[in-house]
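Trainee: Residues 841 to 970 (the numbering used here) make up the sequence shown, in order.
If you are wondering where the hints come from, they were derived from the structure by calculation, not from laboratory data.
Hints are not guaranteed to be accurate.
[Claimed, not checked] Estimated spans, in silico, between C-beta atoms of each pair: (1) 917 to 966: 15 to 23 Å; (2) 869 to 932: 28 to 36 Å; (3) 847 to 904: 31 to 39 Å; (4) 950 to 880: 19 to 27 Å; (5) 933 to 892: 31 to 39 Å; (6) 932 to 870: 30 to 38 Å; (7) 949 to 870: 15 to 23 Å; (8) 889 to 950: 29 to 37 Å; (9) 889 to 931: 28 to 36 Å; (10) 847 to 936: 34 to 42 Å; (11) 957 to 891: 15 to 23 Å; (12) 937 to 866: 27 to 35 Å.
[To be verified] Restricting the straight-line Cα-Cα distance to at most 35 Å, the calculated cross-link-like pairs of lysine-lysine (DSBU-like) are: (13) 874 to 913; (14) 904 to 949; (15) 963 to 913; (16) 904 to 963; (17) 934 to 918; (18) 883 to 918; (19) 874 to 949; (20) 918 to 949; (21) 918 to 904; (22) 883 to 949; (23) 874 to 963; (24) 934 to 949; (25) 918 to 874.
For every residue, glycine included, the Cβ atom is placed at its ideal position computed from N, Cα and C.
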Amino acid sequence: MNTSRHERGCIMIVDNERDILLVLERFLSREGYKVLLADSGEKALQYIQAQRVDLVLLDMAMPKLNGVETLRKIRILKPDLRTMIITACPYNEKVAEAFRLGACECIYKPFNLNYLHEMIMTKISECPSS
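Could you put together the complete structure from these sequences and hints?
Mentor: In structure tokens form, the structure reads like this:
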């Protein structure tokens, strides 16, 4: 059941794959979230400084500023911002580093949208983000 538009919070999706951004935007918008799209780590950091974001879905493999580097900078700006990482790679040192930096979940591609939504609802309801 959908709540009124944007009642559930603001999710920023950070991925350099346009198709992923669009699919997730469409799905999460229908579920009642405000959705911000960032196709780079740099753009994500700009959004985080300018807007309230409740949760970040962060792809690990991006050009220039990769997921770990982006997460490291997010922690400087917003230490308590909930961040879920997305990756197509098996568990590796970058994923381990993301968890050390405070990532709260890892979602592996390809993923089921309903499972992703369950994880988002769980993480958003755990505690308020700053």
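Trainee: Now tell me, hint by hint, if it's right for this structure.
Mentor: Now the hints, each set against the structure:
In this structure, residue 917 and residue 966 meet the distance hint of 15 to 23 Å, their C-beta atoms being roughly 20 Å apart. Separation of residue 869 from residue 932 is about 32 Å and conforms to the stated range, judged on CB atoms against 28 to 36 Å. Taking the beta carbon of each, residue 847 and residue 904 are about 34 Å apart, inside 31 to 39 Å as hinted. Between residue 950 and residue 880, the C-beta spacing of about 22 Å keeps the proposed range 19 to 27 Å intact.
At about 32 Å, the CB distance of residue 933 to residue 892 agrees with the hint of 31 to 39 Å. In this structure the hint that residue 932 and residue 870 lie 30 to 38 Å apart at CB holds, the actual value being about 33 Å. One distance hint, 15 to 23 Å for the beta-carbon pair residue 949 and residue 870, holds here, with the actual separation near 21 Å. The beta-carbon spacing between residue 889 and residue 950, approximately 32 Å, falls within the hinted interval of 29 to 37 Å.
Between residue 889 and residue 931 the beta carbon distance is about 31 Å. The supplied range of 28 to 36 Å therefore holds. At about 35 Å, the CB distance of residue 847 to residue 936 agrees with the hint of 34 to 42 Å. Between residue 957 and residue 891 the beta carbon distance is about 22 Å. The supplied range of 15 to 23 Å therefore holds. The given range of 27 to 35 Å is respected by residue 937 and residue 866, whose C-beta atoms sit roughly 31 Å from each other.
At most 35 Å may separate the alpha-carbon atoms for a hinted pair to count; residue 874 and residue 913 meet this at roughly 23 Å. Proposed proximity of residue 904 and residue 949 is supported: the alpha carbons are some 21 Å apart, at most 35 Å. The hinted pair formed by residue 963 and residue 913 meets the criterion: a straight-line CA distance of about 21 Å does not exceed 35 Å. With a C-alpha separation of about 28 Å, the suggested pair residue 904 and residue 963 falls inside the 35 Å cut-off, and the hint holds.
Note on residue 934 and residue 918: the hinted pairing holds, with a Cα-Cα distance of about 20 Å set against a maximum of 35 Å. A C-alpha spacing of about 15 Å is found between residue 883 and residue 918, which places the hinted pair at or below 35 Å, so the restraint holds. Using a Cα cut-off of 35 Å, the hinted pair residue 874 and residue 949 holds, with the two alpha carbons roughly 23 Å apart. Simply put, residue 918 and residue 949 have alpha-carbon atoms about 26 Å apart, close enough for the 35 Å limit, and the pair holds.
For the proposed pair residue 918 and residue 904, the alpha carbon gap of about 21 Å is at most 35 Å, so the pair holds. A distance of roughly 22 Å separates the Cα atoms of residue 883 and residue 949; the hinted pair therefore holds under the 35 Å criterion. For the proposed pair residue 874 and residue 963, the alpha carbon gap of about 16 Å is at most 35 Å, so the pair holds. Taking the CA atoms of residue 934 and residue 949, the gap is near 15 Å; set against the 35 Å cutoff, the hint holds.
Only pairs whose Cα atoms come within 35 Å are accepted, and residue 918 paired with residue 874 is accepted, the gap being roughly 19 Å.
The structure shown violates none of the earlier numbered hints.
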